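Engineer: What follows is each chain in one-letter form.
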Amino acid sequence: MITGEQKPIDEIREMIAPYKRILVLGCASCVAECAAGGEKETAMLASTLRMAAKMKGEDVLIEEKTLDRQCVRDFVILLDDIIEKYDAVLSLGCGAGVQAVAEMFTEVPIIPAINTEFLGETRDQGYWVESCLGCGDCMLHHFGGICPVARCSKQLLNGPCGGSMDGRCEINPDVKCAWHLIVDRLTKFGALDRLENIYPPKDWSRKQGGGPRKIVREDQQK
Amino acid sequence: MNNSSKLKRVLEGGGFAVTAECGPPRGANSDVVLKKAEMLRNNVDAVNVTDNQTAIVRMSSIAACSLLKTAGLDPVLQMVVRDRNRIALQSDILGASALGIRNVLCLSGDHHIFGNQPQAMGVFDLDSIQFVQVVRTMRDEGKILGGDDLSQPPDLFIGAAANPFADPFDFRVIRLAKKIRAGADFIQTQCIYNLDRFERWMGMAGDRGLTDKAYILGGVTPLKSPGMAKYMKNKVSGMDIPDEIIKRMEGVPKYKQREEGINICVETIRRLREVPGIKGVHIMAIEWEEVVGEIVERAGLLPRPVFD
Amino acid sequence: MTSEQKRTLALYYCQNVPASGERERQDLEEKYGRGIRLFTVPCSGRLEPIHLLLALEEFADVVFIITCPEGVCRYSEGNKRAKKRVEKTRAIIASIGLEVERIGMIIGSKENPISLADHARAAMERTLKLPPSPVHN
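Residue numbers (numbering that gives the first Met the number 0), protein chains in the order written: chain E, 0 to 221; chain A, 0 to 307; chain Z, 0 to 136.
In short, the hints are calculated from the structure, not lab data.
Here the structure is a predicted model, which means the values were calculated and not measured.
One or more hints might be untrue.
[What the hints assert, rightly or not] Pairs of lysine-lysine residues, derived as PhoX-like cross-links and limited to a Cα-Cα distance of at most 25 Å, are as follows:
hint : chain 1 : residue 1 : chain 2 : residue 2
1    : Z       : K5        : E       : K55
2    : E       : K39       : Z       : K87
3    : E       : K53       : Z       : K30
4    : Z       : K5        : E       : K6
5    : E       : K6        : Z       : K87
6    : E       : K39       : Z       : K82
When you get a sec, could you build the whole thing from the sequences and use the hints?
Structural biologist: Here is the structure:
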């Protein structure tokens, strides 16, 4: 899932200050799972902004709506009937959602209400961790299902570095050393000798070789 | 003047090598580098120049190495993969060789979050082992990554670092083996205070035949105070300082603490000389270069060999 | 009391609070009139920040939550969760300059069970100490 966190309310208020009729637009997919921009959070933000406006005596219209997926045009098109009512959209979608709306409705300013963070997993209730960089060339089978590119602070393919102690990363004792986890896991599988290989430099052209990436699948097209 | 690595000649000649460390200034003043050069001249075989260590912006390592070289010393260019991608790293390797620098130490680098530019983009395009391999291929095969030929290969004695004290312990020797297989000619270790653990690690390295495949130099750092010892123990990752060392530093009056730090350092070097497979010592006297001569002398390592 | 009528208290209470049946509820509504709005919840852990925010936005000067005593929640952790949600909601209203005292919480005591009517009196007293909400004025 794509995770995110809401921006501070002051920053959001500053961004929407020029506008009088604002649609607060949530997304019921990834950002709902990480409790940043789902229906609930969208309602909370809209209510908070309305209260703040009332307290300051500002005459603004703030309404809310949540799309099933803000990054899919089939859902974004549902705004077609209502968007004219507003002079700005405050989106709680991830960066992809914000841009999908912007792409479709070029007349209306789209403002991001959340900071998109990472591709991650829900480790526990209220606890999300980064686990994938979307490098375009998955190597997880080499490393016991633990990604050193996403989870090692130095992205080592031939780790661990000399800084880990007691299984903790040198940058922060709250961070588990990905390489310690990899070594432990491969030891359990009896596959530690795999790490005697020198893994060659990663092919980053798969991630950033041709500008923004796209996937084209004719079998999926109409 | 012979333009080959003095460090390499000492080691290949079977000598016990001595290297020291020179941290470039946080400014453009070459005189700081040259002053440190004078403190180290004739006391050591080669001088490592750190590369923005602890991720603090300093004069570039290549520039400071060049200053040392011009002053007649044999510099060891430390290069970290934190700040440069593979294009810049390979380019700097060629430039360093062209400037007459003959030793390189390939490192990951301290994470930038610790330094004075925590907002920087960490590069880490290559890791230190891949970097060693790249430099070795450039030198021995005259090729860069991707296979393009060089018009002239760099002439460099290639080093890597090893930390016998980080975790997981059993894996440390595997990683050493990888660095040597990647092409490291010499290894400089993290500062040694826990000699028992170090000897165990060297034993494991010897069992794998690694001590015959690369020259291993033991790292030492003289302590200035018990506070420094505690700081290193608690705040510097991958550092193992036994409590006896701290107690020993605390056990002497304040005005004698520096002397005690030097004593411990000299004793460590003397014991390291007895460890099978150790080929030299790397003295990292942090912003205390003036003490290196005394340590080397008291450890019985003077005079240093002279080549014409 | 005119001052009471100028404030509205939204009171959310766990259905396990003593003496909180339908009759006691009607008595309270009679006593405080428009000064109180009562909401019974099966468990205080089911309350979400949005409930508290909407009450503050739409009509309430103050919101109170009365939970069952700690350790006796029939859903085991409901009142603990309610506490975290209250803290989150307080942080939100603080971010727009609303006093955090506008969200109150009373955790029932196992040893000294207190009736809904007594809780309501205590909550109303604290409500009247605050000025009318700037959201409605």
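Engineer: Decide, hint by hint, whether the structure agrees.
Structural biologist: Here is what the structure says about each hint:
Pair hint K5 (chain Z) plus K55 (chain E) holds up; C-alpha atoms about 21 Å apart against a cutoff of 25 Å. For the suggested pair K39 (chain E) and K87 (chain Z), the alpha carbons sit about 14 Å apart, so the restraint of at most 25 Å is met. With a C-alpha separation of about 30 Å, the suggested pair K53 (chain E) and K30 (chain Z) falls outside the 25 Å cut-off, and the hint is violated. At most 25 Å may separate the alpha-carbon atoms for a hinted pair to count; K5 (chain Z) and K6 (chain E) exceed this at roughly 35 Å.
As the CA atoms of K6 (chain E) and K87 (chain Z) are separated by approximately 15 Å, the hinted pair is consistent with the 25 Å bound. Taking the CA atoms of K39 (chain E) and K82 (chain Z), the gap is about 18 Å. The hint holds against a cut of 25 Å.
Violated hints, listed in ascending order, are 3, 4; each of the other numbered hints is respected by the structure.
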